[in-house]
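Given next are the chains, with one letter for each unit.
Number of protein chains: 2
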Amino acid sequence: MAIGKLYGVGVGPGDPELVTIKAARIVKEADIIFAPQSKKGRASVALKIVQGIIDEREEAPEILQPLFPMTEDAQTLDKSWDEAAEQLYEKLSKGLDAVFVTLGDPTIFSTFSYVSKRLQKKGVEVVLVPGIAAMTACSTTAGIQLTEQDDILVVVPQVDERLSKILPYVDTVVAMKTSRHLDLLEKCINEDPREKEIVSVQNCTMPDENVVQGFVKNKKYFSTSIIKLKK
Amino acid sequence: MAIGKLYGVGVGPGDPELVTIKAARIVKEADIIFAPQSKKGRASVALKIVQGIIDEREEAPEILQPLFPMTEDAQTLDKSWDEAAEQLYEKLSKGLDAVFVTLGDPTIFSTFSYVSKRLQKKGVEVVLVPGIAAMTACSTTAGIQLTEQDDILVVVPQVDERLSKILPYVDTVVAMKTSRHLDLLEKCINEDPREKEIVSVQNCTMPDENVVQGFVKNKKYFSTSIIKLKK
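In order, the protein sequence lines correspond to chains Y and H. In terms of the numbering used here, the first sequence has 370 at position 203, counting the first letter as 1, and numbering is strictly consecutive. In terms of the numbering used here, the second sequence has 176 at position 9, counting the first letter as 1, and numbering is strictly consecutive.
Everything labelled a hint here was simulated from the structure, so no lab data went into it. Hints should not be assumed to be uniformly reliable.
Put simply, identical chains are the same to the list, so a pair is met inside one copy or across any two.
As the list claims (entries may be wrong) - Result set (BS3-like, lysine-lysine): computed pairs, CA atoms no more than 30 Å apart in a straight line:
#1 Lys246 with Lys398
#2 Lys398 with Lys195
#3 Lys384 with Lys363
#4 Lys206 with Lys246
#5 Lys207 with Lys258
#6 Lys363 with Lys284
Generate coordinates for the entire structure from the input sequences, incorporating the hints supplied.
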């Protein structure tokens with residue numbers, strides 16, 4: 168029997184209407200939906216986004232929700248990705264197709280890549296479907312342009328000495344998960360002499376979305392900040 | 168009468184299935200579809216992407232297709248954006264809602280911003296709807312990750328001395344419309360001592376899509392190149 172395909176499907180930032188027609192079709196047709204949890208019993212945000220599409224199906228898919236702990240410990244992470252790949256391979260080897268739903272886009276800071284690499288080594292065909300990424304969800308929500316004309320855009324997942332080296336030559340910075348490194352980010356941005364426009368968005372396109380001019384001081388939630396440096 | 172709203176709607180890279188559910192709904196409901204042409208008589212790519220959705224409507228919308236010439240002459244461009252804004256304002260002031268369809272996302276190198284700024288000054292409410300941007304369409308098509316872990320991503324619309332300053336500190340470069348400045352781009356990338364993975368995509372997700380390892384030598388068509396620099 169042919170091995171099933173693994174689809175890495177971006178489901179966008181949170182609003183179920185920001186799922187693409189293609190992603191919706193693939194979720195409707197899948198045998199298996201794979202949606203890792205960060206905490207036992209708490210469904211993933213990605214799964215919640217497509218739950219309405221799943222509920223409309225005549226035949227319910229099997230939904231797998233392994234635990235991907237929120238840790239930076241490499242050994243723990245490796246173990247959870249190994250287990251996830253094994254769990255998926257067991258299904259794929261039966262000829263079933265599986266959809267790994269991922270928040271935003273599957274090629275931008277997604278855990279999907281760690282699992283898919285393991286399965287590709289075993290000969291599994293992987294199909295990627297792009298999703299609306301956090302950065303354009305935030306810029307459209309905030310009503311600001313990320314880039315115009317010859318603007319250079321940089322996207323940073325964490326702030327370290329590299330940003331201060333890059334900053335003088337770029338026009339727009341998208342800083343993700345800013346609560347982790349807010350003091351360093353503010354210091355770095357303040358050192359640039361140019362006039363700035365700064366907008367931060369928390370839980371973008373979700374019911375509890377919060378748009379703030381400047382940086383978000385509340386460190387409880389992750390947010391994305393867009394910093395535009397005037398010419 | 169209330170002035171109509173202007174929607175700036177990203178329709179993605181080319182595949183009509185990569186339109187979001189939200190964008191499709193707004194195109195279905197719009198009074199006016201605004202889709203600039205770069206050449207008289209040649210419908211815009213953005214319009215073609217949503218043509219199927221328009222064709223399914225019971226009542227056809229009015230479709231406006233002004234000419235936005237492919238030029239870098241500031242005066243000519245200003246004039247065409249002024250005229251477009253006037254044409255749209257005439258419709259909006261009658262209480263009609265208009266949808267400006269734009270390839271990719273409306274906040275990344277989109278002509279939408281030049282028209283919308285003019286209309287915002289006149290008090291028009293502008294609503295932005297994100298679309299799948301070229302960069303993630305290309306990365307998913309090529310099957311490569313744009314960013315993992317602490318990777319820094321830079322997006323450049325043209326290559327100049329800024330890229331060589333930034334390059335040592337970034338992990339991934341997305342170079343757009345590379346045919347315009349291919350020699351300079353290759354020179355700059357070759358000067359970086361790191362091992363590289365380079366993929367270029369032309370007409371991403373369209374019927375004549377072309378994925379090439381390395382840079383595209385055919386300068387006839389615009390392409391997007393993704394350069395990953397190994398750690």
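Task: Within, between, both or neither, where Lys384 and Lys363 count as close if Cα-Cα is 30 Å or less - done: Only inside one copy: Lys384 and Lys363 sit 18 Å apart there, 39 Å across copies, limit 30 Å.
- [ ] First find the shortest C-alpha distance between Lys246 and Lys398 inside one copy, then the shortest across copies, and answer within, between, both or neither for a cut-off of 30 Å.
- [x] The answer is between: 23 Å across copies meets 30 Å, while 48 Å in one copy does not.
TODO: Have a look at Lys206 and Lys246 and pick one of within, between, both or neither, based on CA distance no larger than 30 Å.
DONE: Answer is within: at 16 Å inside a copy they meet the 30 Å cutoff, but 56 Å across does not.
Task: Intra- versus inter-copy proximity for Lys258 and Lys207 (alpha-carbon distance at most 30 Å) - done: within (22 Å within a copy, 53 Å between copies)
TODO: If the cutoff is 30 Å on CA atoms, where do Lys363 and Lys284 land: within, between, both or neither? Let me know, please.
DONE: between (40 Å within a copy, 18 Å between copies)
TODO: Up to 30 Å between alpha-carbons, please classify Lys398 paired with Lys195: within, between, both or neither.
DONE: neither (47 Å within a copy, 39 Å between copies)
Checked against the numbered hints above, the structure violates only hint 2.
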